[in-house]
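Please build the complete structure, drawing on both the sequences and the hints.
Protein chains in written order, with numbering that gives the first Met the number 0: chain A, 0 to 626; chain B, 0 to 203.
In case anyone wonders, no lab produced these hints; they're calculated from the structure.
Note that the structure is predicted; figures quoted are calculated from it, not measured.
Each statement offered as a hint is correct.
Simulated restraints, written as ranges between beta carbons of each label pair: (1) B/K184 x A/R460: 56 to 66 Å; (2) B/G46 x A/G453: 41 to 51 Å; (3) A/R457 x B/P30: 31 to 41 Å; (4) B/P30 x A/A468: 55 to 65 Å; (5) A/A468 x B/G86: 28 to 38 Å.
Listed below are several chain B residues computed to face chain A (Cβ distance under 10 Å; list not exhaustive): (6) R17; (7) I20; (8) L24; (9) M58; (10) I82.
The beta-carbon is built from N, C-alpha and C at its ideal position, and this holds for glycine as well.
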Amino acid sequence: MAGAAIELQALLDATVDAIIIIDQYGIIERFNKAAERLFGYPEHDIVGKNVSSLMGDEHRGHHDGYLRNYLTTGTANIIGTGREIEALRRDGSTFPAALSVGEIPNTQNPRFVGVIHDISIRRATMAAVRQERDRAQLYLDATEVLLVAIDADGLILLVNRKGCQVLGYAEAELIGRDWFEQFIPTQDRAAARAQLRTTANKTTASYSERLVLTRRGDTRLIAWRTTVVRSNQNHALSFLSSGEDITEQRLTETQLRARESQLRAAQRIAHLGNYEYHCAIDTAHWSDEMFHILGRDFSEGPASYDLFCLNYLHSDDRETYTQQWRSLLSGRESGDFEFRIVRPNGDIRYVHLLAQTARHPENGSLVITGTLHDITERSLAASNAQQMQEKLAHVGRLSTMGEMATGLAHELNQPLTAIATYAQAALRLTAQADTEEDVKEALKQITAQSLRAGEVIRHLRSFVKTHIAKTEPTDLNKLVQDLRVLADADARANSVRLVALLENHLPLVEADTVQIQQVLLNLIRNAIDATGPGMEGAREITIATRTIDDTVEVAVIDHGSGIPAEIAENIFSPFFTTKAQGTGLGLAISNSIIRAHQGALGFRQTPGGGTTFYLTLPTLSGDDHER
Amino acid sequence: MKDKAPTVFVVDDDDAVRTSIRLLLRSVGLPVETFSSAQEFLDNVDGDRLGCLVLDIRMPNMSGLELQQRLNELHHIIPIVFITGHGDIPMAVEAMQHGAVDFIQKPFRDQDLIDRINQGLEKDRINRDDLKQRDGIRERIGDLTPREREVLDLVAQGKANKVIAGDLNVSQRTVEIHRARVMEKMGASSLAHLVRMVIEANRA
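Here it is as structure tokens:
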């Protein structure tokens with residue numbers, strides 16, 4: 000073997016690629032060791048066979064065509080470039096291979112050398128890579144997160160499907176565009192760029208929330224996490240941002256916060272707090288206003304039941320409160336009660352508590368929910384109004400007494416006159432014989448008349464003393480009879496006769512005795528004035544009681560001059576009077592007293608002339624009566 | 000009836016006051032009759048009975064003043080002692096103008112009341128004696144001027160001053176002056192007394 004031939008053989012044997020030499024007809028002449036391994040043929044079995052037997056069905060036909068084409072036209076489809084083929088092993092299996100072909104020049108009988116490289120591993124690797132890439136793309140696209148990569152200049156390198164969808168552009172329209180110029184609102188642009196520069200120096204992801212402009216012209220609020228991608232020299236090459244569209248979420252949060260703050264404001268204005276108390280674990284949830292009402296610091300949290308009772312309840316109301324609360328714990332469905340609380344700074348507040356019991360949906364334990372309303376101002380106003388009304392009523396009584404002074408003086412003068420006269424008569428009689436019985440009678444009368452005078456003074460004092468309004472079940476017949484000591488005095492002094500017409504078995508009414516007497520006395524005074532000297536009609540005034548449905552009426556009937564139509568409408572107005580010495584308060588005060596009793600005060604014509612003033616008060620129902 | 004002893008008639012609506020006065024007057028031996036209202040007295044009054052009326056000025060239905068007026072209209076000349084309360088002075092003055100003997104304020108000293116009652120009884124006696132002296136009455140009428148005589152006749156007919164002024168074509172004030180002079184000259188203690196004198200004088 001010549002030296003060259005030996006070297007060739009060594010080369011052929013050493014190479015890892017299969018090398019096959021064929022003649023111009025495709026007949027195999029040489030088949031190296033690597034080819035033997037690759038195709039499974041020993042060299043002696045394959046030499047002399049057509050090279051097409053080493054190719055898969057797809058390439059077999061083409062091969063002869065390529066060869067013929069090259070031989071006739073000199074145009075090589077393959078030489079120098081190589082192509083991928085499907086190679087066929089002896090056992091019938093195939094594998095991908097890269098084929099490169101070279102020509103061994105010989106004008107008579109050109110031959111060809113083919114180098115075949117098994118690329119099945121490369122193929123598999125590439126397929127795996129492709130699959131991996133496809134899967135990554137799928138992830139990118141499937142995620143509801145926006146992914147945007149920009150380079151150091153802010154030009155868009157990558158954007159995923161969600162990004163396109165949110166921004167409203169196709170991917171192709173976005174790549175290469177300036178992110179900041181295009182998608183960040185003008186006023187935010189500088190800040191966004193500055194933040195990117197900061198991010199470039201950080202090793203961790205940075206968080207930001209930014210508005211982005213969309214093709215549709217609206218803006219979306221995106222929460223971004225941005226990481227920096229660095230070169231080997233640690234230069235920031237690009238920035239990868241993942242973003243979440245939080246527009247709706249933020250809107251909902253904002254609305255929720257607004258609603259909560261509205262509720263807080265409303266509770267503040269109304270002084271109304273709400274609570275939820277979980278009995279089993281003695282734990283409460285309080286609205287802010289609960290803390291305000293009780294003067295408790297937010298940081299302390301809601302008070303436990305014991306703490307509340309001990310530190311906040313007014314000691315006078317503790318028993319009532321605990322009693323009410325216990326009844327809720329032992330089955331009553333709802334509660335509605337008022338009590339006082341004492342704030343840590345000592346302020347006393349009046350509160351109104353509503354409570355509703357329910358069962359916990361999960362563990363069935365008792366939950367009490369409700370509201371606490373600070374009604375201090377209202378309570379004080381009501382009690383002030385009541386005090387004012389009492390004062391006014393007192394002034395009214397004093398004024399009435401003033402008008403009645405003549406009558407009262409007369410009424411006291413009568414028993415004094417009788418006493419003096421009896422005493423003087425007795426003195427004269429003692430000087431005479433057989434007068435013992437007369438003297439005894441005189442002394443008896445003196446006693447009786449002294450008591451009579453005392454009675455007038457007692458009624459007078461109880462009528463004019465300051466008085467705290469207090470209602471109780473009242474028999475109006477008895478009230479009228481008690482009133483007569485004073486009323487008769489006034490009537491007698493004005494030469495008027497007072498007659499009482501009282502219905503039997505009159506139902507009771509809830510009334511303040513002194514105030515109702517005051518009203519009646521005032522009506523009687525007016526009736527007496529209407530019957531005064533020079534007035535026409537009978538000098539008689541009737542006080543009549545009767546039941547009308549579920550009210551009791553007391554009427555004061557005079558036969559005086561009546562009320563002219565032109566003043567009738569003003570008659571209950573304060574300071575309206577037709578009397579020279581009148582204050583004009585009598586009927587106005589009477590009206591306010593009767594209204595405070597849920598009753599009515601009015602007047603009508605007396606048949607045959609004169610005026611009838613009447614008041615009606617609601618009767619007590621059976622239940623009220625028992626109570 | 001006329002020969003009955005002079006009686007004190009007490010009219011007061013207050014039982015205690017009325018009864019105590021009755022006891023007082025009985026203790027000094029005066030005959031007393033009591034009435035609880037003006038109407039009751041009117042219903043039982045006998046103009047010929049001698050005596051004196053003790054009258055409460057304030058009473059329901061008919062007051063003391065109203066009763067005095069009614070008695071005047073009926074030409075009863077019984078002298079009246081009014082019992083008044085404090086503050087009743089204007090009414091008391093009016094009562095005096097209409098011929099009351101006097102008034103006394105409650106409460107009163109027993110002797111004061113008894114003195115006034117005695118004055119009233121005395122006055123009643125004089126008035127009634129005087130009415131019997133027709134010559135004396137006619138003599139006094141004869142002393143009147145013609146104009147005074149005209150006024151007396153018209154007053155006796157029950158005419159008011161205003162009407163008389165119209166009839167005589169003089170002022171009301173002039174009538175009042177003439178009338179006062181007539182009362183004075185005739186010695187009349189009240190209008191009723193004056194009218195009774197005219198009636199007596201005209202008796203045949």
